[in-house]
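Engineer: Listed here are the chains, written in short residue letters.
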Amino acid sequence: MVFSSILFLFIFLPAVLAVYFLVPKSWKNVVLLIFSLVFYAWGEPVYIILMLFSAAFNYVMGIDIDRKRLDPKAARNSLLLTVLVNLFLLGFFKYSGFLIDTVNQIFHSSIPYKELALPIGISFYTFQTLSYILDVYWGKVKVQKNLISFSLYITMFPQLIAGPIVRYADIEPQLKERRVTLAGFGLGTEFFIKGLAKKVLLANNLGMVYTTVQGMEIGSFSVLTAWVGIIAYTLQIYFDFSGYSDMAIGLGRMFGFQFMKNFDYPYISRGITEFWRRWHISLGSWFREYVYIPLGGNRVSVPRHIFNIMLVWMLTGLWHGASWNFVVWGLYYGVLLLFEKYVLAKCFDRLPGWAVRIYTLLLIVIGWVFFSNTVLSDAVGYLGNMFGVTTGGLADSTGLYLLKTNLLLIVIGMISCAPWLYNQFKRLLRRAPWAAVAVNIVLWLLCVAYLVYETYNPFLYFRF
Amino acid sequence: MNPKKRSPLLFFTRIMAAIFLIIFVALVICNIFTKDRVFSEKENRVLASKPNLSLDHLASGQFMKESESYVNDQFAFRDFWIMIKSTADTILGKKEANGIYLGKNGRLFEQFEEPDAERVASLKQSILAFSKRHEKLKQYLLIAPTAVNIYQNELPAFAPAADQNAYMDAFLSAFSSSETMKVIDVREAFRLEKETNLYYRTDHHWTTTGAYVAFQQAASVMELDPSAVSYEHYPVSADFQGTLSAKSGFLENEKEALELYFPNQETAYTVNYVEEQKKEADVYHGESLKTRDQYAVFFGGNHSLIEIQTASKSKASLLVLKDSYANCFIPFLIPYYREIVIVDPRYNYDNIDTLIDEYDIQEVLFLYNANTFFSDKYLQTSLEPAPQEEEANAEATEQKES
Chain Z
2 MVFSSILFLF
12 IFLPAVLAVY
22 FLVPKSWKNV
32 VLLIFSLVFY
42 AWGEPVYIIL
52 MLFSAAFNYV
62 MGIDIDRKRL
72 DPKAARNSLL
82 LTVLVNLFLL
92 GFFKYSGFLI
102 DTVNQIFHSS
112 IPYKELALPI
122 GISFYTFQTL
132 SYILDVYWGK
142 VKVQKNLISF
152 SLYITMFPQL
162 IAGPIVRYAD
172 IEPQLKERRV
182 TLAGFGLGTE
192 FFIKGLAKKV
202 LLANNLGMVY
212 TTVQGMEIGS
222 FSVLTAWVGI
232 IAYTLQIYFD
242 FSGYSDMAIG
252 LGRMFGFQFM
262 KNFDYPYISR
272 GITEFWRRWH
282 ISLGSWFREY
292 VYIPLGGNRV
302 SVPRHIFNIM
312 LVWMLTGLWH
322 GASWNFVVWG
332 LYYGVLLLFE
342 KYVLAKCFDR
352 LPGWAVRIYT
362 LLLIVIGWVF
372 FSNTVLSDAV
382 GYLGNMFGVT
392 TGGLADSTGL
402 YLLKTNLLLI
412 VIGMISCAPW
422 LYNQFKRLLR
432 RAPWAAVAVN
442 IVLWLLCVAY
452 LVYETYNPFL
462 YFRF
Chain E
33 MNPKKRSPLL
43 FFTRIMAAIF
53 LIIFVALVIC
63 NIFTKDRVFS
73 EKENRVLASK
83 PNLSLDHLAS
93 GQFMKESESY
103 VNDQFAFRDF
113 WIMIKSTADT
123 ILGKKEANGI
133 YLGKNGRLFE
143 QFEEPDAERV
153 ASLKQSILAF
163 SKRHEKLKQY
173 LLIAPTAVNI
183 YQNELPAFAP
193 AADQNAYMDA
203 FLSAFSSSET
213 MKVIDVREAF
223 RLEKETNLYY
233 RTDHHWTTTG
243 AYVAFQQAAS
253 VMELDPSAVS
263 YEHYPVSADF
273 QGTLSAKSGF
283 LENEKEALEL
293 YFPNQETAYT
303 VNYVEEQKKE
313 ADVYHGESLK
323 TRDQYAVFFG
333 GNHSLIEIQT
343 ASKSKASLLV
353 LKDSYANCFI
363 PFLIPYYREI
373 VIVDPRYNYD
383 NIDTLIDEYD
393 IQEVLFLYNA
403 NTFFSDKYLQ
413 TSLEPAPQEE
423 EANAEATEQK
433 ES
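Protein chains in written order, with the working numbering: chain Z, 2 to 465; chain E, 33 to 434.
Take the hints with a grain of salt, since some may be wrong.
Derived pair list, reagent style DSSO-like, types lysine-lysine, alpha-carbon separation capped at 27 angstroms [unchecked claim]: (1) K347/E with K164/E; (2) K97/E with K115/Z; (3) K136/E with K405/Z; (4) K279/E with K226/E; (5) K405/Z with K156/E; (6) K226/E with K67/E; (7) K322/E with K311/E; (8) K226/E with K164/E.
Pulled a few chain Z residues facing chain E out of the computed Cβ check, cut under 7 angstroms [what the hints assert, rightly or not]: (9) G187; (10) V438; (11) V440.
Chain E regions said to be covered by chain Z (calculated; three or more residues, Cβ under 8 angstroms) [unchecked claim]: (12) 154-165; (13) 231-240.
If you are wondering where the hints come from, they were derived from the structure by calculation, not from laboratory data. Backbone N, C-alpha and C define an ideal beta-carbon position, used for all residues, glycine too.
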């Protein structure tokens, strides 16, 4: 099930809210857990078994590792086993096809394999269980002995299928004790509506532009068309992804949970380093915490540091999907980050802010070309098309048409990428709270209208 | 700010929570009490009905998919939400939805899509072959341009559209030297008559006026005397909303007139809907004017096979292979033929060669609009030569006749 659907909004959500607020406190976690399982089973009626196994297995292993606290060697063995099983499950369902395919290509072999449908959200919940297991092993968090609480942490529907990746340490106290107030609930609805509007009103409409462009033969459309397409995609993926995160945060808030911010106006960044501090923050900090720092981080020799960075970014790329374009996309960012750290950092101070921002945005947009074309040669072709390697010329009627009919949408999108608009909203809120409420209600009704009559409402994270 | 004043943020969040919950509960209750609809007049389509719950459907996810479209389709005040969405789209400057353009001067256009070159080539071959096989028959080919062709200049600025004219030219040129197949090209006449309503603004069909202009062109090629019958025309409906507005959501409140042409000199006739086994004395179905699909006033829509027997003095019988554009055109032919046999290959899988023998046909008219013609999959199949045995019979009868 996805949040941006009538079924979720008007059947599932009312049901879970009603039951959740009617039952006594001690039942609330059970209710959330049951509804989360229904939520997941709705989209993955078969793979729910996998998720249940993952929850049970990590629950048991957490206790096991904790018990072996006094015997470091045994604890380490348990940890290794747990991490390997988790990674194996992720690898088996997500990467086996990709791996065999690559082997087949290199050795011209033809090992047969069955393309498995990727269990939705597996990358998110695997990373969550890993954060728990590692933190237990390092003694950073107390072991969770309550199976309900632990399972709820793994399966909680607001962040189950598209993040944010909540670290166990951040949410542990809330699993036991959390307060729901009317004001907190209201804040949740505000977040939720904001996220829904980003997804339904902006992302879905922008997505149609890029889908149109992708339907054309690469190398045949005009430079203008290529740019309109990729700019629309750049906006789409931000509004889609951050919209999901906002909805997750908002929903969590309605039930009394407080999740961390996942996006912080990434497109206003000065530099790629800053971009990754603002984009999908929970993923970046996960890799930092559980891969980069254990590898030695930057407190190592320069060559080792370069290796660390490239490894982390290759993995980050791969996390987004099992195909080469994501690897290239990750490595691309690895190289850019290194380049920025060792070469450009000094120049940035001397350049005007707008120049650095344009440089950053340009690189991000190029990155999305690799991200959105799962066939690597298509990505290269599209990039060529953007810079004139095309039979379509500089501009054609298709490009002008796409630009003209989506100009307002793109402009609204661009404005919404910066904090300015939301700051205006906050000012309005202080001066005339009623007007701010009205804005939200209008947005919400618009979203409902678009969802009732939806023609295009994709779920972009089925590869994650 | 006055610290004693209540905090605007707290006020805001509480009001948000309250209003959100109120609207929420209201909508949920409305949904519980909204009766399911089978058909949406506005969208002109059947709405999803309650899904079947079974273990199979649960495991395969079928039940979930069906539930989602069910909930969407049966959502309370659906038509109202659609109206809001379309309005928002218009404000955003959207000019296209579901393959339909919102043109200037309030006219909707169905896009002409680049046809599949191979299919067009093989369609051409099979028509040529058909034409050659039936040298003795008089044959006519009328490919009607659609609005996107005649009113090209009213398309939204820069709207990409494949060039219908180029495809028509290329196709028709194959018949320019044909002795047997005569082309009826109405484009020039249509361009001259552009100022009249040749097409509906909210529907993909030509108007009866458009059909009449086309008929006058056809008459000269088919050697009929168009002045033999004069017509009076007046609207029979003023609230026609075509399928283009239903499909796109554009111009939803636009209502237009639907006109009929009534001859001053009546020719008596009967219409026989073969498959439906129904005989009628009129080609017009007045009751269709009360439904959304008012264009069905002509013959009640498309049928696989219709026979019209007339009291015309003519001895000729005509076979029409057609799409829905022919429905408002055929009434003009009634005075000139003893019998008109109308076949819509999309619904009729009979072999045409066999039909020609069966009905003793002397003339054949192909009448399609360019959009359906170039994307059609059925015509070609029906034009294949009759199976061996019957072909032998056919030859035998042909010889007998001569």
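Engineer: With reference to the structure, classify each hint as holding or not holding.
Structural biologist: Now for the hints, and whether the structure bears them out:
1. K347/E with K164/E: holds, 23 angstroms
2. K97/E with K115/Z: It holds: about 24 angstroms lies between the C-alpha atoms, which stays within 27 angstroms.
3. K136/E with K405/Z: holds, 14 angstroms
4. K279/E with K226/E: holds, 25 angstroms
5. K405/Z with K156/E: Roughly 38 angstroms separates the two Cα atoms, so the pair is violated.
6. K226/E with K67/E: Answer violated: K226/E to K67/E is near 46 angstroms, above 27 angstroms.
7. K322/E with K311/E: holds, 22 angstroms
8. K226/E with K164/E: violated, 36 angstroms
9. G187: holds, 3 angstroms
10. V438: holds, 5 angstroms
11. V440: violated, 11 angstroms
12. 154-165: With 0 residues closer than 8 angstroms to chain Z, the region 154-165 of chain E misses the three-residue bar; violated.
13. 231-240: violated (count 0)
Hint check: violations occur at hints 5, 6, 8, 11, 12, 13; the rest are consistent with the structure.
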